[in-house]
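Line by line, the protein sequences give chains A and B.
Note that my numbering numbers the first sequence so that position 64 is 64, with each residue one more than the last.
Note that my numbering numbers the second sequence so that position 510 is 510, with each residue one more than the last.
Don't read these hints as lab results, they were simulated from the structure.
Warning: the hint list may mix true and false statements.
[Unchecked claim] Distance condition first, Cα-Cα at most 25 Å in a straight line; then the derived SDA-like pairs of lysine to any residue:
(1) A:Lys29 <-> B:Thr200
(2) B:Lys513 <-> B:Asn546
(3) A:Lys29 <-> B:Gly169
(4) B:Lys490 <-> B:Phe472
(5) A:Lys29 <-> B:Arg160
(6) A:Lys72 <-> B:Lys73
(7) A:Lys29 <-> B:Glu204
(8) B:Lys220 <-> B:Ile236
(9) A:Lys29 <-> B:Lys73
(10) A:Lys72 <-> B:Lys220
(11) A:Lys29 <-> B:Lys220
(12) B:Lys73 <-> B:Ala102
[As the list claims (entries may be wrong)] Label pairs and their computed distance ranges (CB to CB):
(13) A:Pro30 <-> B:Asp36: 53 to 61 Å
(14) B:Thr98 <-> A:Thr38: 30 to 38 Å
(15) B:Arg332 <-> A:Ile68: 42 to 50 Å
(16) A:Ala88 <-> B:Pro196: 22 to 30 Å
(17) A:Arg84 <-> B:Ala116: 48 to 56 Å
(18) B:Gly180 <-> A:Glu51: 13 to 21 Å
(19) B:Asp336 <-> A:Lys72: 51 to 59 Å
(20) A:Ile68 <-> B:Ala116: 44 to 52 Å
(21) B:Glu84 <-> A:Arg84: 25 to 33 Å
(22) B:Pro196 <-> A:Lys72: 18 to 26 Å
(23) A:Glu51 <-> B:Lys669: 47 to 55 Å
(24) A:Ile68 <-> B:Ile13: 39 to 47 Å
Think of the CB as a built atom: it goes at the ideal place given N, C-alpha and C, for glycine as much as any other residue.
Spelled out, the chains give:
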Amino acid sequence: MNIGDTSQGAAACLAVEGEMTIYRAAELKPVLLDVVLTHAAPTLDLASVTEFDSAGAQLLLVARREAIRLGKRLELRGASPAVRDAFALLGLSPEGESA
Amino acid sequence: MSIAIDQVTVTFIAESRELLEQMETALLAVARDGQDAVNAIFRAAHTIKGSAGMFGLDTVVEFTHVAESVLDKVRDGDVDVTDELVALLLACRDHIGTLVDAVESGTLDGNDDLAAAGAPLVAALQAYLLAPVPAQEPAARAPAATEAEADDGHWHISLRFGRDVLRNGMDPLSFIRYLGQLGTITGIATLADDLPDADTFDPESCYLGFEIGFAGSADKATIDGVFDFVREDCQIRILPPENRIAEYVAWLDELPEQRERLGQMLVRCGSVTAHELELALAAQAAAAAPAQPIGEILVGQGAVRAPVVEAALAKQRQAPEARAQHENRSVRVDADKLDRLINLVGELMIAGASANLVARRAQNAELLECTSTLSGLVEEVRDSALQLRMVKIGATFNRFQRVVHDVARELGKDIRLDVSGEDTELDKTVVERIGDPLTHLVRNAMDHGIEPAEVRAARGKPAQGTVALNAFHDSGSIVIEVSDDGGGLKRERILAKAVERGLVEAGRSLTDKEIFNLIFEPGFSTAEQVTNLSGRGVGMDVVKRNILALRGSVDIASTEGVGTTVTVRLPLTLAIINGFQVGVGRSVFVIPMDMVEECIEFRELPCCDWVDLRGQPLPFVRLRERFAVAGSAARRQSIVVVRYGGRKAGLVVDSLLGEFQTVIKPLGKVFAGARFLSGSSILGNGEVALILDMAALLAGVETESQAAAA
């Protein structure tokens, strides 16, 4: 249940650990948006996400859209099985909103 | 959030239990109702499986799935409904019930005992699945086959989840996952168009929508059932496989602003090919110059379906819809909350009574007016509050269908249960506690009452025995009758046994009623089972004790060779009664109002323990003597004539105080041994009044009354 910030210069990588679900949605929203807002090349590492639900998916979609609005690109680096499973189920890809 | 999820689980448990009850009722009625009952059983099993799947209760899903598969075969006519199958399915129903209980107690996971208990059932079910399809009735199977074919196809499901779905503890993902278990999801598109700006985005609201292509043999009701739990929060549209282009076009027309985008999505989900869509849209555009009504295309919906399939689907859809409406009109409330409300109403009444008293003493007309309006309202509040706790006895009665079914099998007798008066209402607390005594009575009637088939035949009775349950209201009580058309009680043998046990003196003449009531005596049944002798008498004393504890009474009537009827009389509620207050010396006693017939002046006949009531002898009890109240009797005494269970008697009192609402407070343990008292109450002035236990008081009078009448 950590949010590890391994930022190095302009390229910031935020590693979300633990659940990415409705239980933590309220907590994660400002964190994710902050990454998008403050870094030029925001990156999320989802390799340690243990649980991922619709609320988590929504958060990613919002963060990505916010990045696009700011003329940035949100990179996703690494995806845990939980994330991959949900992405596959929802027909999402790590790149675009809908592949 | 965890609270919300707990609540959802509670709902799941409650609903599962309801469904299991429906399943049981349907199972027991399957011989009579045929296909309707089979459909109901299937639906119940299916819904339980569905909701269990949503909660990830794999154990429940796996087990229910096997049962459902067998039921599916039954539905298609591949497996005949035999007694053995019904018994097996009843056992499965019980096992699902146990699993649900385990969910409630949190002991479901890794419970080897449960798995061991389920295994033989699963094996027995598998036998039905593997059984070769009976060769007979090929004609009947043919339509079933076409039905399956017609339903196997590409569905398109459009979902728009409501904002609160996540907050209510449900995850859209799990619905889609569960849908995936019913068939194959051929394609899915996630709609995030409703997602607001980052600033206004509420991370706990749901903004998602999905377009799903789905292939599987499930029918519409089944697919629809997946979304039972979110139906209210969600826009769902399920487009069936046939005629789909026209429907898609119609649907696209309904949402013109998103038309192009949705069209693309349909293509992406594999629901239509791009070519098909283009053709259809073009054709419609060409034909639609004078605005071809969309409705027409919509009417086309289902028109191509075989009428058989349509009828079957309509039937399946009806039930959930009716239930949904019903659910909207009722609210589940914690029983504890209701109890608290009733308690508060009780306190309110006591406070109201004391305000009334003060007002009367103050002689302030305005205040009196106010308090009288107030007490009227309080009374209404009390009635509605009590009404909240009233439940129909039907549910309790219906449970006995199962008891009768099982016990009849066990005994090898053919017995049927007749139920009447199911709509009679009584307090929930009474209902909860009447189950055991009733079960005992019903089992007794079946075991000892109903004769073996040969004996019945010899007596010219129908081979099938009947046990009947009946309920009705009678002067403030509810009366429940358990009757059978069996051999009846054998008077002489009971008497002989009672004499042997030392319960009655030999040579004393007793009425039939007294003799029959002997079987409720503790000494009568414990020593040895009387089964072989008198016909019944196992644990009847326990039944009587339980009923007395509910302030009720029990009576028995029987005719040898014709049958027996046990009559249980219970108060409607355990909390508040309309009481008639009487004074003896400085003490106040309360007589339940429903039992008071009239009040007359007491004119003592010399050396008699009865008075003349319009030519009828009326036995009486002097409360002053009974309770050893100090002081001499008032100059003018009155008699309150009470009726209880068909008997009449008089109570001699000093003064009549009138009718008051009485909140029953249980007597403390210290008074547990006090006879003739059933409870206490607090008066408006803070004093305590004792509530008389009519059953006990009048029991003593009865013998005297008969002596007097003779």
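Starting from Lys220 (chain B), check that the Cα of Ile236 (chain B) is at most 25 Å away, please. holds, 12 Å
Outcome of range test on Cβ distance (Asp336 (chain B), Lys72 (chain A); 51 to 59 Å): holds, 55 Å
Satisfaction of hint between Thr200 (chain B) and Lys29 (chain A), Cα-Cα up to 25 Å: Given that 25 Å is the threshold and the Cα spacing comes to 11 Å, the pair holds.
Between Pro196 (chain B) and Lys72 (chain A), does the beta-carbon spacing fit 18 to 26 Å? For Pro196 (chain B) and Lys72 (chain A) the Cβ distance comes to about 19 Å; the hint holds.
How does the Cβ-Cβ distance of Arg332 (chain B) and Ile68 (chain A) compare with 42 to 50 Å: does it lie in that range? Because 46 Å falls inside the window, the suggested range holds.
Next pair to validate is Lys29 (chain A) with Gly169 (chain B); report whether the Cα-Cα distance is within 25 Å. Within the cut-off at roughly 19 Å; holds.
Under the criterion that the straight-line Cα-Cα distance not exceed 25 Å, is the pair Lys29 (chain A), Lys73 (chain B) satisfied? violated, 50 Å
Between Glu51 (chain A) and Lys669 (chain B), does the C-beta distance stay in 47 to 55 Å? holds, 53 Å
Given pair status - Lys220 (chain B), Lys29 (chain A), alpha carbons within 25 Å: violated, 38 Å
Check the following: the C-beta atoms of Ile68 (chain A) and Ile13 (chain B) are separated by a distance inside 39 to 47 Å. holds, 45 Å
Just to be sure I understand the hint, the distance between the Cβ atoms of Thr98 (chain B) and Thr38 (chain A) should be within 30 to 38 Å; is that true here? violated, 55 Å
Taking 25 Å as the top limit, are the C-alpha atoms of Lys72 (chain A) and Lys73 (chain B) close enough? Violated, at roughly 58 Å.
Checked against the numbered hints given earlier, the structure breaks hints 4, 6, 9, 10, 11, 12, 14, 17, 20, 21 and satisfies all the rest.
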